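Protein chains in written order, with my numbering: chain D, 1 to 285; chain F, 286 to 655; chain P, 656 to 867; chain Y, 868 to 1099.
Check before you lean on any hint, since a few could be wrong.
Stated by the list, open to error - Rough simulated footprint, nothing fancy, chain F against chain Y, three-plus residues with beta-carbon under 8 Å: (1) 916-930; (2) 1077-1087.
Said to hold, decoys possible - Quick list of in silico lysine-lysine cross-link-like pairs, PhoX-like style, CA-CA up to 20 Å: (3) D:166 with D:144; (4) P:815 with P:826; (5) P:687 with Y:928; (6) D:240 with P:860; (7) F:428 with F:313; (8) P:822 with F:428; (9) F:428 with P:816; (10) D:240 with P:815.
Stated by the list, open to error - Pair ranges (Cβ atoms, derived): (11) D:152 with F:364: 52 to 62 Å; (12) P:673 with F:523: 46 to 56 Å; (13) D:266 with P:677: 24 to 34 Å.
No lab work stands behind these hints: they were computed from the structure.
Here the structure is a predicted model, which means the values were calculated and not measured.
Every residue gets a Cβ at the ideal spot worked out from N, C-alpha and C, and that includes glycine.
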Amino acid sequence: MSQNTSSVIERRIVYFLLFLAVLLPLLFPIGWGSDVSPVVKMSYDLIDQTPAGGIGLISFDYEASTITEIQPMAVAQIEHAWSKGQKVIATALWPQGPQMAAQSFEEAKRNPLFKDKEYGVDYVNLGYKVGGMVTVQALGSSFKDVYPKDSSGRDWDTLPMLKDLKNLKGLSWICSLSAGEPGLKDWIMIAHDVHKVPVTGGTTAVSAPGFLPYVNKNGQLTGLLGGLKAASEYEALIGKKGPATTKMDAQSVAHILILVLIAAGNIKVWIRKRDKVNNTEVTNA
Amino acid sequence: MKRILTILFILSTLTSLLADGAPLFTAKDRPYDKGDAIILEWKLPATIDSLQIQKADSLEVYQPLFIPLEGETSFVDQDLSYDTRYKYRLLALGSADGDSLLLSASAMTKQNWFYMDKLAYLLMLIILSAAIIYYILAAKRGKEFFIRRISGLDSMEEAIGRATEKGKPILFVPGVAELGDIQTLSSLSILSQLAYKAAEYNTEIIVPCRFSMVLSAAREVVEEAYLKAGRSDAFREENIFYLTDDQFGFVAGIDGIIVREEPAANFFLGSFYAESLILAETGLSTGAIQTAGTANAHQLPFFVVSCDYTLIGEELFAASAYLSRDAEQVGSLKGHDFGKLLVIILIIVGVALEIAGISWLKTFLMGAGS
Amino acid sequence: MPEIMNTVGIWLGAFFTFAIFSFLYKDNPFYKLAEQIFVGLSAGYGLIYIIYAALIPNLFHKLATDFSGNLILLIPFVLGLMMITRMVPKFQWMSRYPLSIVIGTSAAISLLRFLKSDLIAQVAATMINPFETKVPSEIVGKLMIIIGTICGVYFFYFSKKQEGIAKIPSKIGVYFLMVSFGATFGYTVMARISLLIGRLEFLLKDWLHIIK
Amino acid sequence: MKRNIPLILAFLAGLLMIASEFIPHRPFSNMVETLEDWFMIIAGFSIVLGLASLLQMNYQKISTKAENWGYHLSCVIAFALIVIMGALWGMEDQPGLLGQGEKIVSWLGKKPFDYTYDNALVPLSATMFSLLAFFIASAAYRAFIIRTFESNLLMISAVIVILGRTGFGTMLTSWIPESYRIWQLPVLADFIMEYPNTAAQRAILISASLGIIGSSLRIILGIERSYLGGDK
């Protein structure tokens, strides 16, 4: 019975430690950087080397279910573009996209550096359009025809940053944050392959391998962010302890704890075995 | 003879000219299918810079279909309707602007009566079925086959004994899959053996089910076992019950049963997913003897670390034969073993052929596997 | 009002989250309550969902709008009703008809699917030439795939005593299984920790607004 | 007789399915899809059986005032509540008996059924699932012990993969020169996943598929029939 009680207590200690190992890094971010993979760096360089005043487009092609993995990428890219004096347009091929975009802009504006960023001047949220590839194609000839009004009903002409923008060719870069179809593939096929605008993208960790072949010498895809780890690498590149970094911290601490637990379990068994041997010796004597 | 050679020579020159020189774009129905695909192929001069393939929609307006990666020369357009004509065109831009090309092609989809690439598949089906049926018949005629020990199953008696001693029930979870899953059905045939023994020992057996159809079948199986053991008076229908279709709701309910009823023996046999570790760890905390078994390979590690005995993969399907020693089941098991030998031989031959640079066997099988 | 109700909803979610977590300490009234509500709610959810998502669109709607064109749907309709006869002992035998059709079909589908993707495709994928590359680690790896697969399959060979020399490949098979189990376990840790991160994020962000 | 007809039905249904796999022509070509729709309908009706069992069990516990009967009452109430909400106002875009319930939606923000789903079922389900994080830690602590050769293999490969998946593993072994890259933990972890792990998984899949093929065949041929129960 006593051993049973002790194993119950041991188990509770293990649970409690694991709880802390995940909780504390979320509350107090550490910011352990990890090596930045080359495809993430490519994506970063694309935005980093765009001159001030350039316009980038982020297409929000995901919904709430993949928010944990993808949203941190959106926020990091918006902050990165703003810090370089660029302007950002948000569009969406998925119905929930405009909502994701609004949340991301709001999140980025919480950074004191960007609290003065102004709607219509530094960013716009154009909204969702049905049609996938057909929509992207139409944007190739005219933005204004597809989006006479933005997501909240403001006229195209009242938004100053859009004054000189005609079609996709007027963009410096495009990033599709994509959780499936329609999404990144459509942007690659039309925006890059037809109109030669550099396209980068962000996907979940699971679907990233499927897009890697597009990062080729034709530059169909300029870098790729795959999953939370890539998002945390991007945050490290712009020097930010963001949500992806904290979550990766929590992962690392929990992994280390589990390794420590395995070691502790072995030490426990070893000590018990040694005690048993000693006890037998005592009885023998 | 000479004339034939001359003709052949001219023909081959012509085809090679065609192949090298003139750009080519063809569309054809994919043979031996249900008429849902068209194969597009093209051959273009090296000076082409970018390519796009377009397809006419219902209004005869060409829409972009596909942009090939460099080096690709074919594409299969799938999910089409049968007996329909589809039109395509290929748009190629050369490095110089004047160099562009526009080629068109069309084809009609057609339904066929046999999937030729499934030939290997059909052959394997016939060979394996024949072997299994052969051994079943042999066993029925009285031929005895040996079965090696399966340690996870020898413990079953011990587990029931322990439950009887303690006066505690046995918990049996037939997995979280529908009745149509073969693992669930195998689990139910093990349940039939187990319930028979439990009836003999007069020990209660609790069976929570996730789906109504599993519930129906599980009740039949247990009732039948009690009947066979001559204890139909002891059969209690309410011990085999439904909780909910929801995966984690089901798990929450079982966890409650484990900690409150404290069964002396837990059996988790069937198809399990993420819940494997939740169930096994909760069961471990009450000190029950645990036997688990699943063919879902990714869940096996969690059963292995938390259960006393684990049936790995095929062992789950062999269990019923092992326990019942029923001639037909043992014969069928021998048939599976024939399949294993066949697989081992095929792999060895296949690897040898691959090393020798011959790959028709692999291609033949791959056609069936894709 | 919807904002207030949204907050109420988050508090409700937080309550249930804690109630389930409390099970880790020990079984207690909060867990018992949450567990029973969980079972009841999800069973009810399943009923409503299957009515709106399967029975109405696939059956009743089709029969109501175009009865004669969907006559064939009467077959599953009748089979479904026959399933329910199980509740009446006298007509219980009728439920065996739909049951046997469902099982016969599922058995054939499983047979075909597993033969194709788990047997033929896997065997074909194991037919590799290990000496294709010059990278030593890849050659070793590919040899491991061939030997591991063969020995692993042999481990499941039931109709022969595995003694003496016949025991060796079976042992090797077990070693591969153990390495694989350890690796799968280690690989799954990250996904499982993510689940907990998700729950804590809900508590810290949506409920308490401590982190952003 | 009552038992033979079902066996014949199972045999015919199975044979038809196998034929449809190899014949791409109508009417065989889209048989699987049709039957899947049918099964949804049959399963839809049979859910009644499960619910009857659930309610009966709870009724018994409540009426006899068995231990914990109060909790079983809450189960029945929760069940009744969500069924009534779903029946009255529907779910998502589907209208219920009282239509779309605009009034209650303006008050609650969603349909009551969806509100309950989002705020009760989702957190319950997600939290139950997340218990795995704790259990995986305690299982690792208890089970990965150096004992026999087999259990050592289990532990070592787990530790390598866990290390290889974090930045920590990269840090520990990044000093290893490129020519011995394979011994860097992340590379080694990938190696284990890609080769020995694949081999073992394949062995399990291949042999289990033989078990499934044999069992399915026995069912189609009517040899395996325990699911039908006895002759009554």
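We went through each hint and held it up to the structure:
| no. | hint | verdict |
| --- | --- | --- |
| 1 | 916-930 | holds (count 8) |
| 2 | 1077-1087 | holds (count 10) |
| 3 | D:166 with D:144 | holds, 7 Å |
| 4 | P:815 with P:826 | holds, 14 Å |
| 5 | P:687 with Y:928 | holds, 15 Å |
| 6 | D:240 with P:860 | holds, 19 Å |
| 7 | F:428 with F:313 | violated, 55 Å |
| 8 | P:822 with F:428 | violated, 25 Å |
| 9 | F:428 with P:816 | holds, 18 Å |
| 10 | D:240 with P:815 | violated, 63 Å |
| 11 | D:152 with F:364: 52 to 62 Å | violated, 38 Å |
| 12 | P:673 with F:523: 46 to 56 Å | violated, 32 Å |
| 13 | D:266 with P:677: 24 to 34 Å | holds, 31 Å |
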